[in-house]
Amino acid sequence: MTRTNIAIRPYLRTKGKFADEEYEPGEEVLYALTTSKILVLGAGGLGCEILKNLASSGFKEIHVIDMDTIDLSNLNRQFLFRTQDIGRPKAEVAAEYVMKRFKGVNIIPYYGKLQDKDEAYYAQFQVVISGLDSIEARRWINNTLVNLVDPEDASSVKFLIDGGTEGFRGQTKVIIPTFTACYECSLDTISGQTTYPMCTITNNPRLPEHCIEYVSTIEWPQSHKDQKLDMDDPEHVTWLHERSLARAKEFGIEGITRSLCLGVVKNIIPAIASTNAIIAASCCNEAFKIVTSSNPILENFMMYSGNDSVFTYTFAYERKDDCPVCGGL
Amino acid sequence: MSKEEKYDRQLRLWQSSGQSNLEHSRIVLVSPNLASLELMKNLILPGLGHFTILDSEENVITEEDLSNNFYITEDQLGLSKAEVFASNLNELNLDSTHEVVKIEGTVQDFLASDDLSDKFPWNSYDFIVANWQFPSLIDLVQGLSNTSLIVVNSLSFFGTLRIFQKSYKFIETHSEKMLDLRLLNPWKELTDYSDSIDLEALDLQEHSQIPFLIIQLKAMEEYKRQHGGELPKAYSDRKVYKAIIQGWKKSYDELNFDEALTNSNKIFNPQKVPEDLQKIFDSLEGDFDAKDKYWLLVKALKIFVDSNDGNLPLTGEIPDMDSTTENYMTLKGIYKDKFSKDLTNFEGHLQELNVNEIKFTTDEIVKFIKNSKYLYYSKLSSKLINNVDLFIEDFGSELSEFQSIILSFIMIENYYLQFNTIPSLTDINALLNITKLFLNNKIQITETYEKVLYEILRVEGKELANISSIMGGIGAQELLKLITLQYKPLDDFLVFDGIRSVSERYKIK
Ligand SMILES: [Zn+2]
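Here the protein sequences line up with chains A and B, keeping their order. Mapped onto the UniProt record's numbering, the consecutive letters of the first sequence carry residue numbers 1 to 329. Mapped onto the UniProt record's numbering, the consecutive letters of the second sequence carry residue numbers 1 to 509.
If you're looking for bench data, these hints aren't it; they were derived computationally from the structure. Some hints here could point you the wrong way.
Unchecked claim - Pairs of lysine-lysine residues, derived as DSSO-like cross-links and limited to a Cα-Cα distance of at most 30 Å, are as follows:
1. A:K60 <-> A:K113
2. B:K3 <-> A:K249
3. B:K3 <-> A:K100
4. B:K436 <-> A:K15
5. B:K332 <-> A:K266
6. B:K177 <-> A:K266
7. A:K266 <-> B:K302
8. B:K3 <-> A:K228
9. B:K177 <-> A:K249
10. A:K249 <-> B:K291
11. A:K249 <-> B:K336
12. A:K266 <-> B:K488
13. B:K451 <-> A:K249
14. B:K383 <-> A:K249
15. A:K103 <-> B:K370
16. B:K367 <-> A:K266
17. A:K17 <-> B:K332
18. A:K100 <-> B:K102
19. A:K15 <-> B:K451
20. B:K338 <-> B:K279
21. B:K338 <-> A:K249
22. B:K451 <-> A:K17
23. B:K383 <-> B:K177
24. A:K249 <-> B:K370
25. B:K442 <-> A:K17
26. B:K291 <-> B:K383
27. B:K302 <-> B:K266
28. A:K266 <-> B:K370
The whole structure should be built from the sequences, with the hints applied where relevant.
Right, here's the structure in full:
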């Protein structure tokens with residue numbers, strides 16, 4: 001036997017009082033939910049949650065793309081993976097797990113880059129949910145989906161739902177290419193990596209981070225020639241840690257730890273299951289409303305912060321006329 | 001397998017002290033729903049110590065569960081919910097342990113029994129997680145010294161969360177710090193160091209490597225010299241002060257002078273006891289307990305402040321600033337020395353107060369001092385909102401959207417606890433009548449209320465996986481804060497609307 005839609009049916013069989021006037025509930029809506037193709041970008045912390053939620057809320061045709069393999073430090077939140085899966089492609093393991101758990105759901109994984117796929121591939125989806133951790137990858141998919149828009153063809157407009165988290169904070173963005181602000185429009189709200197001035201790193205270090213930056217960017221290339229620093233290689237990390245300690249000692253600086261070395265060089269962002277759960281579910285909630293039209297969708301950004309009590313801020317982010325991607329379209 | 005590596009991404013948030021608390025924490029989950037299962041998942045993954053699922057032996061996996069619950073497989077249809085959920089959740093992280101307690105009869109009957117406190121070892125748990133506000137459970141928790149109750153619910157596109165805990169006593173709030181640099185009232189060692197530097201005598205290279213704090217301090221002395229010992233107060237005074245710094249700049253590219261200028265307004269931020277901390281001091285009168293570490297530390301802090309001209313102990317921290325390593329380290333050393341002196345004084349006050357000789361580690365005291373400006377304390381209510389006056393007290397007398405969601409949940413909860421079934425659309429008139437009785441003509445039912453109630457009733461008690469996952473995520477974040485005693489938790493009621501993706505918080509009086 002396969003899983004039924006008993007718990008989802010009531011949501012689509014009747015019409016709520018907040019639904020759009022033209023909305024007609026019924027079997028067709030359920031059919032739309034089970035047949036609509038949805039693409040998930042990233043099978044990491046957000047991706048695992050997104051796949052679970054889509055399967056649990058009635059979606060049946062899901063694709064997932066991820067270029068990474070499973071690492072030990074993923075297991076505190078990427079709950080579709082176990083110790084024995086370490087080293088295997090995330091997209092494949094995640095798809096296997098969810099399909100085994102949820103019979104009747106079809107998930108097609110792709111282990112590789114977003115850029116490997118062409119426009120025809122992306123054109124088959126109605127909704128794309130992004131749980132990516134890189135700004136560049138997000139910009140790429142945003143650009144691709146904006147380019148797909150054909151003003152003569154409504155089905156060429158693909159909804160992009162973008163989720164992101166950091167520690168106890170996160171945000172959900174619903175992007176309707178050429179209709180609402182795109183990812184690029186909101187780029188100036190995103191803060192990049194901390195950088196330190198060169199003369200501080202080389203001549204006047206004051207913080208442990210300055211010492212680590214010096215060792216990783218200047219000492220390593222000097223002593224290792226062409227070999228690249230690989231922070232996933234414990235021996236490399238040990239070398240970096242010891243050299244950073246030595247440099248810090250020379251300048252009387254305290255606070256170098258192995259964990260800090262990893263954090264600075266890999267630009268590690270703290271991540272926990274609960275924040276991923278909130279943001280992934282918020283993204284999937286929007287996808288469910290988009291595909292079923294059962295209720296109005298988010299307009300268009302939602303910020304979540306759990307550092308100080310619980311705080312959500314929902315607002316309409318305006319399109320930018322001079323946006324290099326969607327401006328003028 | 002290294003725990004540091006496995007838990008690396010979360011240790012960066014709550015460090016090993018928070019992790020240790022989590023690994024020693026015990027939770028009992030009463031009669032799971034989708035939201036509370038999601039909540040538990042988010043605690044088991046980061047390494048919760050132990051969880052117990054308490055449920056009726058009659059509750060078995062149904063086809064309905066199969067349609068929206070990820071934590072079961074279809075061949076588990078008909079098996080005990082408590083057992084299936086417990087083992088499937090534990091499979092997520094074997095660092096946790098679990099136990100299953102199955103009771104005869106319904107959960108409602110069990111929780112309504114007179115000898116509830118004897119029927120289960122409640123006090124061996126730190127938290128009880130449930131999905132309805134069982135009055136007996138709320139009563140029970142009031143009588144337990146170290147057990148709190150979290151109620152999480154999700155129906156239709158809406159959710160609520162409430163925390164029942166006697167009080168919050170937090171030290172590590174991770175607030176964005178406004179460092180106390182004491183530039184308006186420097187101590188002798190800092191002034192001496194500043195005086196030992198003669199800006200005019202320095203060559204350009206040296207001049208551009210003086211830490212901006214020293215520049216600001218010197219400019220403050222100069223201002224006072226020009227103005228009969230007065231500090232700059234009005235906005236126009238500050239402009240004069242800034243002009244002094246600007247005038248000393250020898251070259252356009254002296255970064256340290258730019259930093260002195262851009263950071264000059266911060267000097268005037270009030271550095272003494274902030275309002276929230278003052279409230280905690282005021283609470284000493286009624287709440288001080290000489291056997292409680294938190295209160296001993298707070299009282300010692302109050303004594304310190306009173307005997308130090310209103311200043312809090314210095315934390316010894318300074319921001320990074322353009323300067324040579326040597327200049328920076330010298331300055332940092334002066335701040336650190338002052339911190340050490342303040343620490344010694346503080347420890348003296350603490351020792352005098354600590355008549356019961358409770359053991360404090362130096363780490364504990366240092367942590368307290370470094371966070372003392374941003375302590376967090378709150379007392380929570382255990383009030384059950386069971387009449388309209390109590391409702392108005394907390395949520396006002398207007399039934400707009402959030403109030404409508406809250407009232408709908410209260411009405412449905414009452415209905416459920418009475419009839420053991422969640423009402424559906426066919427019961428809408430019954431629900432409206434119950435609401436009218438509850439509101440007792442003090443609040444009028446609004447169209448918004450009817451719409452919200454309709455939206456909830458039409459889903460026949462079925463949880464939406466996404467909304468339950470959001471509520472479980474929020475609930476888990478709050479529990480993590482309560483367990484690690486870090487950041488600031490919800491105080492104490494939250495309502496979430498997944499149609500508009502908005503939320504509102506309330507403090508129950
Ligand atoms: Zn744009």
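Comparing the hints with the structure gives:
1. Pair hint A:K60 plus A:K113 holds up; C-alpha atoms about 23 Å apart against a cutoff of 30 Å.
2. Simply put, B:K3 and A:K249 have alpha-carbon atoms about 28 Å apart, close enough for the 30 Å limit, and the pair holds.
3. A threshold of 30 Å between alpha carbons decides the hint, and for B:K3 with A:K100 the separation of about 28 Å falls inside it, so the pair holds.
4. Of the pairs offered as hints, the one joining B:K436 and A:K15 holds, with about 25 Å between alpha carbons and a cut-off of 30 Å not exceeded.
5. The hinted pair formed by B:K332 and A:K266 meets the criterion: a straight-line CA distance of about 28 Å does not exceed 30 Å.
6. Proximity of B:K177 to A:K266 is assessed by CA-CA distance (about 26 Å); at most 30 Å being required, the pair is judged to hold.
7. With a C-alpha separation of about 43 Å, the suggested pairing of A:K266 with B:K302 is violated against the 30 Å cut-off.
8. Restraint check: the Cα-Cα separation between B:K3 and A:K228 comes to about 27 Å, which is no more than 30 Å; the hinted pair holds.
9. Using a Cα cut-off of 30 Å, the hinted pair B:K177 and A:K249 holds, with the two alpha carbons roughly 28 Å apart.
10. Only pairs whose Cα atoms come within 30 Å are accepted, and A:K249 paired with B:K291 is rejected, the gap being roughly 42 Å.
11. Distance hint between A:K249 and B:K336 is fulfilled; the C-alpha atoms sit about 18 Å from each other, no more than 30 Å.
12. Between the alpha carbons of A:K266 and B:K488 the distance comes to roughly 28 Å, so the proposed pair stays at or under 30 Å and holds.
13. Among the hinted pairs, B:K451 with A:K249 is inconsistent with the structure: their alpha-carbon atoms are about 67 Å apart, more than 30 Å.
14. At roughly 57 Å between alpha-carbon atoms, B:K383 and A:K249 are farther apart than 30 Å, so this suggested pair is violated.
15. The hinted pair formed by A:K103 and B:K370 fails the criterion: a straight-line CA distance of about 54 Å is larger than 30 Å.
16. Restraint check for B:K367 and A:K266: satisfied, since their Cα atoms lie roughly 28 Å apart, inside the 30 Å limit.
17. Proximity of A:K17 to B:K332 is assessed by CA-CA distance (about 63 Å); at most 30 Å being required, the pair is judged violated.
18. Only pairs whose Cα atoms come within 30 Å are accepted, and A:K100 paired with B:K102 is accepted, the gap being roughly 28 Å.
19. Proximity of A:K15 to B:K451 is assessed by CA-CA distance (about 11 Å); at most 30 Å being required, the pair is judged to hold.
20. For a cut-off of 30 Å, the pair hint linking B:K338 to B:K279 stands: about 27 Å separates their Cα positions.
21. About 23 Å separates the Cα atoms of B:K338 and A:K249, which keeps this hinted pair within 30 Å; it holds.
22. A threshold of 30 Å between alpha carbons decides the hint, and for B:K451 with A:K17 the separation of about 5 Å falls inside it, so the pair holds.
23. Only pairs whose Cα atoms come within 30 Å are accepted, and B:K383 paired with B:K177 is rejected, the gap being roughly 34 Å.
24. Taking the CA atoms of A:K249 and B:K370, the gap is near 24 Å; set against the 30 Å cutoff, the hint holds.
25. Annotation: proposed proximity of B:K442 to A:K17 holds, straight-line Cα distance about 25 Å (limit 30 Å).
26. Of the supplied pair hints, the one linking B:K291 and B:K383 holds, its CA atoms being roughly 27 Å apart against a limit of 30 Å.
27. Annotation: proposed proximity of B:K302 to B:K266 holds, straight-line Cα distance about 25 Å (limit 30 Å).
28. For the proposed pair A:K266 and B:K370, the alpha carbon gap of about 28 Å is at most 30 Å, so the pair holds.
Of the numbered hints listed earlier, those contradicted by the structure are 7, 10, 13, 14, 15, 17, 23.
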